Amino acid sequence: MRNYEIMFIVNPNATDEEIDKINGQIETIVTNGGGKVEKLEKMGKRRLAYEVDKQREGYYVLFVLTANGDIIKECERRLRVMDAVLKYITVRTDEEARRVEKLRNFRQRRAARRGSGAGAAPKQSIEEAMQ
Amino acid sequence: MKSVKEKRPAGQKQYYRRKKVCKFCVERIDVINYKDVKLLSQFVPERAKIMPRRISGVCSPHQRQLNDAIKKARSIALLPFTTE
Numbered sequence: 001m002r003n004y005e006i007m008f009i010v011n012p013n014a015t016d017e018e019i020d021k022i023n024g025q026i027e028t029i030v031t032n033g034g035g036k037v038e039k040l041e042k043m044g045k046r047r048l049a050y051e052v053d054k055q056r057e058g059y060y061v062l063f064v065l066t067a068n069g070d071i072i073k074e075c076e077r078r079l080r081v082m083d084a085v086l087k088y089i090t091v092r093t094d095e096e097a098r099r100v101e102k103l104r105n106f107r108q109r110r111a112a113r114r115g116s117g118a119g120a121a122p123k124q125s126i127e128e129a130m131q
Numbered sequence: 001m002k003s004v005k006e007k008r009p010a011g012q013k014q015y016y017r018r019k020k021v022c023k024f025c026v027e028r029i030d031v032i033n034y035k036d037v038k039l040l041s042q043f044v045p046e047r048a049k050i051m052p053r054r055i056s057g058v059c060s061p062h063q064r065q066l067n068d069a070i071k072k073a074r075s076i077a078l079l080p081f082t083t084e
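Note that the protein sequences, when read in sequence, are chains A and B.
In this text, residue positions in the first sequence follow our numbering: the first is 1, and each later residue adds one.
In this text, residue positions in the second sequence follow our numbering: the first is 1, and each later residue adds one.
Worth flagging that the hints you see were computed from the coordinates, not collected in a lab.
Note that the structure is a prediction, hence the values are computed from the model and not measured.
C-beta: ideal position from N, C-alpha, C; glycine also.
You may find that some hints are simply not true.
[Unchecked claim] Distance windows between CB atoms, simulated: (1) A:R92 <-> B:V26: 27 to 35 Å; (2) B:V26 <-> A:R2: 26 to 34 Å; (3) B:S75 <-> A:R77: 13 to 21 Å; (4) B:R17 <-> A:V100: 28 to 36 Å; (5) B:R54 <-> A:V81: 43 to 51 Å.
[Unchecked claim] Pairs of lysine to aspartate or glutamate, DMTMM-like flavour, derived with a Cα cap of 25 Å: (6) B:K35 <-> A:E51; (7) B:K38 <-> A:D94; (8) B:K71 <-> A:E41; (9) B:K23 <-> A:E96; (10) B:K71 <-> A:D94; (11) A:K42 <-> B:D36; (12) B:K71 <-> A:E96; (13) A:K42 <-> A:E74; (14) B:K72 <-> A:E101; (15) A:K54 <-> A:E17.
Please model the complete structure; the sequences and the hints are all you need to start from.
Dropping the structure here:
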């Protein structure tokens with residue numbers, strides 16, 4: 001199982017029920033496939049940097065998932081088919097998180113060796129930084 | 001911040017150039033996230049191009065991460081490809 005993030009933009013004219021329906025569908029795909037929805041964040045309406053399907057605004061939704069390739073494949077297929085979804089992006093996050101953890105461990109060890117006590121504590125946790 | 005004195009032959013005017021430092025190294029920003037528009041937009045000037053390292057002073061590993069993040073942000077319409 002790997003960690004992914006799916007972010008997609010829904011048409012701003014869609015109602016709350018429609019957005020919830022899309023989210024529900026994605027959630028079912030993930031849970032049925034044996035994955036887990038770690039977080040579901042409705043980021044709300046914001047201006048798009050460029051026009052997409054004649055729209056200047058969009059409703060952003062972010063999913064943080066633990067899933068495998070098949071689940072992601074199915075989610076992407078569904079998002080492609082839905083008319084209300086303007087755009088989506090999937091990003092794999094576990095490799096990045098591992099890299100950061102390694103870096104922080106290294107930094108802490110080095111600080112300890114120098115005898116400067118606890119060393120520079122990270123300003124934010126990995127989970128926070130990934131958001 | 002350190003100033004670096006340029007070595008010049010005598011007689012020529014001396015000038016000081018502030019040494020550029022990588023923002024991400026200094027502030028210990030480990031993850032350059034594509035969702036952080038406020039951070040990324042510091043590295044895209046008006047024409048929405050990615051700022052070169054020679055100008056911004058970002059170190060090469062961080063510039064690579066920054067590139068990836070900006071490109072991801074573009075593909076989800078958080079940042080523009082170009083200004084119209």
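Going back to the hint list, which numbers does this structure go against? The structure conflicts with no hint, since it agrees with every one listed earlier.
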